[in-house]
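S.K.: Residues per chain are reported as follows:
Protein chains: 6
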Amino acid sequence: DFMGALDEVHAAFGSSEEELDACITNGIIHFSPEIDRILEEGRLRVEQVKKSERTPLVSVLLHGPPGAGKTALAATIAMQSEFPFIKLISPETMVGMGELQKVNAINRVFQDSYKSPLSVIVMDDIERLLDYTPIGSRFSNVVLQAIAVLLKKQPPKGKRLLVLSTTTRRHVLEEMDLLDSFSSQLYVENLRKLEEVNTVVKRLELFKMDGERHTAMATLAKSGLEGQLTIGIKKLLMTIEKARQSEDPITGFVSDMNNL
Amino acid sequence: DFMGALDEVHAAFGSSEEELDACITNGIIHFSPEIDRILEEGRLRVEQVKKSERTPLVSVLLHGPPGAGKTALAATIAMQSEFPFIKLISPETMVGMGELQKVNAINRVFQDSYKSPLSVIVMDDIERLLDYTPIGSRFSNVVLQAIAVLLKKQPPKGKRLLVLSTTTRRHVLEEMDLLDSFSSQLYVENLRKLEEVNTVVKRLELFKMDGERHTAMATLAKSGLEGQLTIGIKKLLMTIEKARQSEDPITGFVSDMNNL
Amino acid sequence: DFMGALDEVHAAFGSSEEELDACITNGIIHFSPEIDRILEEGRLRVEQVKKSERTPLVSVLLHGPPGAGKTALAATIAMQSEFPFIKLISPETMVGMGELQKVNAINRVFQDSYKSPLSVIVMDDIERLLDYTPIGSRFSNVVLQAIAVLLKKQPPKGKRLLVLSTTTRRHVLEEMDLLDSFSSQLYVENLRKLEEVNTVVKRLELFKMDGERHTAMATLAKSGLEGQLTIGIKKLLMTIEKARQSEDPITGFVSDMNNL
Amino acid sequence: DFMGALDEVHAAFGSSEEELDACITNGIIHFSPEIDRILEEGRLRVEQVKKSERTPLVSVLLHGPPGAGKTALAATIAMQSEFPFIKLISPETMVGMGELQKVNAINRVFQDSYKSPLSVIVMDDIERLLDYTPIGSRFSNVVLQAIAVLLKKQPPKGKRLLVLSTTTRRHVLEEMDLLDSFSSQLYVENLRKLEEVNTVVKRLELFKMDGERHTAMATLAKSGLEGQLTIGIKKLLMTIEKARQSEDPITGFVSDMNNL
Amino acid sequence: DFMGALDEVHAAFGSSEEELDACITNGIIHFSPEIDRILEEGRLRVEQVKKSERTPLVSVLLHGPPGAGKTALAATIAMQSEFPFIKLISPETMVGMGELQKVNAINRVFQDSYKSPLSVIVMDDIERLLDYTPIGSRFSNVVLQAIAVLLKKQPPKGKRLLVLSTTTRRHVLEEMDLLDSFSSQLYVENLRKLEEVNTVVKRLELFKMDGERHTAMATLAKSGLEGQLTIGIKKLLMTIEKARQSEDPITGFVSDMNNL
Amino acid sequence: DFMGALDEVHAAFGSSEEELDACITNGIIHFSPEIDRILEEGRLRVEQVKKSERTPLVSVLLHGPPGAGKTALAATIAMQSEFPFIKLISPETMVGMGELQKVNAINRVFQDSYKSPLSVIVMDDIERLLDYTPIGSRFSNVVLQAIAVLLKKQPPKGKRLLVLSTTTRRHVLEEMDLLDSFSSQLYVENLRKLEEVNTVVKRLELFKMDGERHTAMATLAKSGLEGQLTIGIKKLLMTIEKARQSEDPITGFVSDMNNL
Ligand SMILES: Nc1ncnc2c1ncn2[C@@H]1O[C@H](COP(=O)(O)OP(=O)(O)OP(=O)(O)O)[C@@H](O)[C@H]1O
Ligand SMILES: Nc1ncnc2c1ncn2[C@@H]1O[C@H](COP(=O)(O)OP(=O)(O)OP(=O)(O)O)[C@@H](O)[C@H]1O
Ligand SMILES: Nc1ncnc2c1ncn2[C@@H]1O[C@H](COP(=O)(O)OP(=O)(O)OP(=O)(O)O)[C@@H](O)[C@H]1O
Ligand SMILES: Nc1ncnc2c1ncn2[C@@H]1O[C@H](COP(=O)(O)OP(=O)(O)OP(=O)(O)O)[C@@H](O)[C@H]1O
Ligand SMILES: Nc1ncnc2c1ncn2[C@@H]1O[C@H](COP(=O)(O)OP(=O)(O)OP(=O)(O)O)[C@@H](O)[C@H]1O
Ligand SMILES: Nc1ncnc2c1ncn2[C@@H]1O[C@H](COP(=O)(O)OP(=O)(O)OP(=O)(O)O)[C@@H](O)[C@H]1O
Ligand SMILES: [Mg+2]
Ligand SMILES: [Mg+2]
Ligand SMILES: [Mg+2]
Ligand SMILES: [Mg+2]
Ligand SMILES: [Mg+2]
Ligand SMILES: [Mg+2]
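From first to last, the protein sequence lines stand for chains B, H, D, L, F and Z.
When you read off a place in the first sequence, starting at 1, and then add 1050, the result is the number in this note's numbering.
When you read off a place in the second sequence, starting at 1, and then add 1050, the result is the number in this note's numbering.
When you read off a place in the third sequence, starting at 1, and then add 1050, the result is the number in this note's numbering.
When you read off a place in the fourth sequence, starting at 1, and then add 1050, the result is the number in this note's numbering.
When you read off a place in the fifth sequence, starting at 1, and then add 1050, the result is the number in this note's numbering.
When you read off a place in the sixth sequence, starting at 1, and then add 1050, the result is the number in this note's numbering.
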């Protein structure tokens, strides 16, 4: 039975649930309809992998600016699939690894996934896995080639695999001919409206009273922020928490938002 | 006798038939006369290798856009030759190999082929074997040199060899002076006509009723797709399967085809 | 209790207090209000790390011209945090190390910090850790990637970390996409006013009598230095000490200040 | 005596006669006076090495387009010398060798030659020995330097050596300063006249009747091929053999010749 | 006591006095007031290191054209310091060393110096230590980084260090950001006046009689050398010694001086 | 005594006399006064090294076009010195050596020379020692640095050294900053006058009768060769020897001279 299979797969290869959980420490705040659309798209891909016999391999690239919430969203989709094999490939566990060690680590996760009837792999921060740096466009071609091949390699008969990958460097992946390897792409945006900021501030209870929040948001509106605002949820969180520690949170928050 | 030789060769070097089979999971759909022309050209090359004493080595390059069906067609020609030695050289089995390991793996297949009276080698995705990346035009010169030499090296007396290779990067191989090494080239095209798409959709039974299919195709025609359409069979398959999972397959399919 | 935890952490990982002390041999002279602003900003970051649950990782980049006092200020902020884990990552201890050894050394400090409830890491002279040289923009990409990942890696649950880094090459770090990884930046300026110089000269008692100092400063003012002066505290210290050894300190000092 | 010396040299170092023979599988067809001129020039060099005391080392570079017959001609000259030491240095035996292995293999042949009173070395496809690729002008400088030195190194007293080398990349060797190292150069041309093609077609008996051949050649003449034709003997052989397998050899041959 | 300390330091680390002596084989000829100024500056630096508590590390760069006498002057200053630890770091002892060996050798001298209360290190020909070559601006970044760090690293408490370095490539060091690391710079000039040449010729007694010398110098003056003369003391020495061997020293010397 | 010292040095380090002899197989033909001037300059350098105490190290660079006779002239000067230590450093003995092996081989010769009271080192074909190639200006910086240092390194007290080096690439050495390291340079020219050619032809007795030679030279004169002739002695030798083998030496020689 499925639950048995799930347990077996878990026993054999472990799971990344705890690590993926840690990617969503501050939860998912539904500050815009986009968030729901992305999660729904993810859910549909999960279903497609489960059901179609002709597409045993589907891969999705979540791309967008730094701190937009890409990793948290990919982790959320992966966790909600409830597939028996859920694994995170992250540069954080590969500090100091050589190129071949990295390739082996990545390859092992894919090989393990081929043993589970249904698998999700979250491949986080793909440009960091590639050791990419814009100065001189340096990167590990060895890792790139491995990822390019693995993203095209069909799982063995009867196995299915969903790959969710994140990047801030969609354009670089395009130059590397890597985009063709993905079945589809999802754009994760920054917050661009004061109303979205308001939702987050409210939810995180930065101010003890609604009046304070209204004052803060009104001040921001007056300073003409609307229309030129662009901030990732991650930076917004940092800004709110910094303001929280200051003696005058309204001034602190407004000033920092104006100095982004 | 020939069947005995075939068995011996099989016994000694194994065969790639299962792997090649897996390259054709979704079969060959004859959506255009081009498909038949390519398969016929392949059959003729097979005959030439069998019969001419003066050309014991013939090599064919199948090139075309990503997902056009190059690998499936090369695999089909190879399987239909019924030569005793049929082998696939694929980057998928070489993830994480160093340059020299790759050269050794490729070289070994050629050396083994020299022991069979008649051999086919499918050398898939040649740019990936070369670890080619467009950024800075990086690639493994070691592998390139080995392939260049092997494509020119006559098999020993009395042995014959057909090499079928695939690539999406014909232009790069030209810059590398590798094109001269092939006896001939075959271009594998994308689908460009709605009628071809119709054939595939019908064959895969995306819609339960012909009326639905007609509606979908008519809508695509109306949106002016004819004339600017270009889609590989691989992507078309993915699009059809995605539409199949959606609640409204007509809308889903039409919308995705319009957003290629 | 906290003091017990502190002792344990000390016992397990040692501390860099002596090394950090050596970075402030000539103390902190409050020659301008900027110095106080920087130290206050540092203090606030320390508080933030201590208190906010949502931001367990805060990182600050102190940047400015050579010899402006960056290292001394970072060391001062770190020492004043009184966190149980205070460590210095400095190129001075890594002379002759290979790339991987450096990564391991840096990584180890971060890993150790993850075991203390509250940690400060001073990562000094980041461009030197990267072996950066402007000729051909050479640097260790291996070290860069490690630092980029470590600056984004959340400490495990319940642990908090403040990273203070220094550089004279903010622009290069920007080209390397490393600036996004810092929570905030602090600019450490050169001395630009004669009054600031006067404060330092007085404090260091270069002249035995105030009259001498007034003469010296007046001469400098007359030679039009105000407005075009820019000197780091480190170079000013060297100039003062050199003048102190000369037979005519006033002439020596004035002449050197005019020949910067 | 000489025959004894010849046997001794053979016994000690083996010979490449079989390999060289394999370079001339399809014989030498005298389709143009140039072929005879080249073979005569070769014969004269052989004599010069045999007789002049002042020039114990003579080296000749055969260059020309791909498939023009360079290797077959060099092999023929070498075989006709009847020197006791005749060796082939070919990239085909060096697949997968590292730079130093290649240098050692090449060097060993030269060292061995120094032990025979009269030696010929055929150094085939010099750009492939150098692992040359036009993209980024990559090549093995280690092998280049070794060849440059060996081409200038006098054999020991009383020993004589003729080096015959081939290349399609004379211009590259010039850029490498390697041309100065050769005593002389011989240009091997493509076929450029229909009459030359006729000679080859006749000799290979593509058509059973002379009338067929005349028809084919007349058709080619009518289509204006004369004057713009340029084809290597190797490609012409492949074209003839392909036509031979087709049901209508005349049409097949004419069509392929028009589509070069 | 100091003499005891000196002996101990000598015993433990040896000294470079003999090597430094060999840098001054032809002595120091005081052909211009500049020579005295440089030696006096050197003496003052020595005093500064001895006395100021705030500047335990002082570094001086002697730069100028090839053969101007940089090494001899640095060696002279070092020898006159009479510090207990006097060491020469010279590329001459590092022929064939790898980058890491060099770094270790250089680092060891600095580490040793940290054990003496007062030390001088002469770091000769810094561009050669860096394996610098103008073609492609190649150099050992590993050695550069080590030197950059060591030039900034304070000796431990109570220890003092003077570093005297020489180079003909000040501009390159500037591009490498290495100049900021030196406390000060001293320019060592070529000889540019005939009177200076006269002083050297007289001192070296090239001519047996003053009249001869006057004749030679007058001839040089007449040929318009004054104003366009520029020659390093090293080359002048070579020219004088060559003239000394010739049968007609006046003509020989004048002719060589005119053909510089 | 000197002869004893000479024998000892020979016994300890061997000598390159045989190898140097092999560089002059075809003797020195005095076809122009330049040849005598070069040999006389060489003799004077030998004397200078023997006598001047102030210049224990003298180095001369012989440069000129390929085949001009540089190596033969350097070998001749070295042999005529009759110094106890005479050694040849030649790329011919270093085929296949790595960079460090080369440096060690070169360094060992210099170290050995430091043990002889008087030494000559012939360092042949310096660009080949450096593995120099014009494509991409590649060369071994490791060997370059070693040579640069060794050319400046004074022999120990009481030892004297003359270095004679040859190159066809003076301009490249200049770009490498290597020219400053030589005490002086000697230019070895091609033959440029028919009279010089005549001297060589006569000396080598290409023609049995003077009349034949006069005819040949007159024909060359008539074809306007004078004024545009430029040929190295090495190539002239090859041309003469080739003509000698032909049935009609006059025509053969004249034709080859006109087709240079
Ligand atoms: N709607 C949301 N979408 C994504 N993350 C959210 C959302 N609401 C709150 N968060 C929180 O915001 C943070 C997003 O950080 P995350 O690491 O996912 O960003 P990122 O785009 O991957 O950043 P980076 O570019 O640095 O990799 C997480 O802590 C997450 O819990
Ligand atoms: N006429 C056809 N030609 C080729 N493939 C077809 C055809 N009809 C159906 N297919 C199916 O389409 C798919 C073609 O994929 P294939 O891997 O061969 O494409 P490709 O051009 O090699 O892709 P890539 O550029 O990614 O290597 C296979 O699953 C194959 O079964
Ligand atoms: N207000 C001040 N701020 C910083 N340093 C000060 C101040 N007053 C005095 N100092 C002294 O000045 C010196 C500053 O040197 P420091 O090494 O910190 O400069 P830096 O900017 O890090 O230099 P570098 O660019 O070379 O790394 C220290 O010796 C310190 O004790
Ligand atoms: N006149 C001829 N000259 C040379 N080869 C001939 C001639 N006539 C027939 N041949 C045949 O043509 C073929 C020439 O191929 P060969 O390998 O020598 O060409 P190549 O110029 O060396 O090719 P590549 O540029 O690929 O190295 C051989 O099979 C040879 O037997
Ligand atoms: N006033 C002087 N200054 C320096 N050297 C002098 C002076 N007078 C005589 N000499 C002699 O001149 C020579 C100077 O050579 P030195 O090696 O110091 O020059 P350098 O500038 O270091 O050369 P390079 O650029 O090649 O390193 C020494 O032999 C030294 O004894
Ligand atoms: N006057 C002469 N000068 C030099 N060599 C001469 C002279 N006369 C005859 N020869 C002969 O000419 C040949 C010169 O060859 P050599 O190898 O010295 O030239 P090279 O300039 O070193 O050549 P390369 O540039 O290839 O190194 C030798 O065989 C030598 O015996
Ligand atoms: Mg992320
Ligand atoms: Mg394919
Ligand atoms: Mg600092
Ligand atoms: Mg060939
Ligand atoms: Mg010097
Ligand atoms: Mg030579």
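Hints listed in this document are in silico derivations from the structure and should not be mistaken for laboratory results.
Hints are not guaranteed to be accurate.
[Stated by the list, open to error] Residues from chain D shown here face chain F by an in silico Cβ test under 8 Å; the list is partial:
no.: 1; residue: 1181
no.: 2; residue: 1184
no.: 3; residue: 1186
no.: 4; residue: 1288
The model shown is predicted, which means the values in this text are computed figures rather than measured ones.
Each residue gets a CB set at the ideal place from its N, CA and C atoms; glycine is no exception.
S.K.: With 8 Å as the cut and Cβ atoms as the points, is residue 1181 of chain D at the interface with chain F?
M.R.: Holds. Min distance 5 Å.
S.K.: Minimum Cβ distance from residue 1186 of chain D to chain F below 8 Å?
M.R.: Holds: closest Cβ of chain F sits about 6 Å from residue 1186 of chain D, inside 8 Å.
S.K.: Taking the least C-beta to C-beta distance, is residue 1184 of chain D closer than 8 Å to chain F?
M.R.: OK, holds: residue 1184 of chain D within 8 Å of chain F, min 6 Å.
S.K.: Can you verify the interface hint for residue 1288 of chain D: is its Cβ closer than 8 Å to any Cβ in chain F?
M.R.: Constraint on residue 1288 of chain D satisfied, holds at 6 Å.
When held up to the earlier numbered hints, the structure conflicts with none and fits them all.
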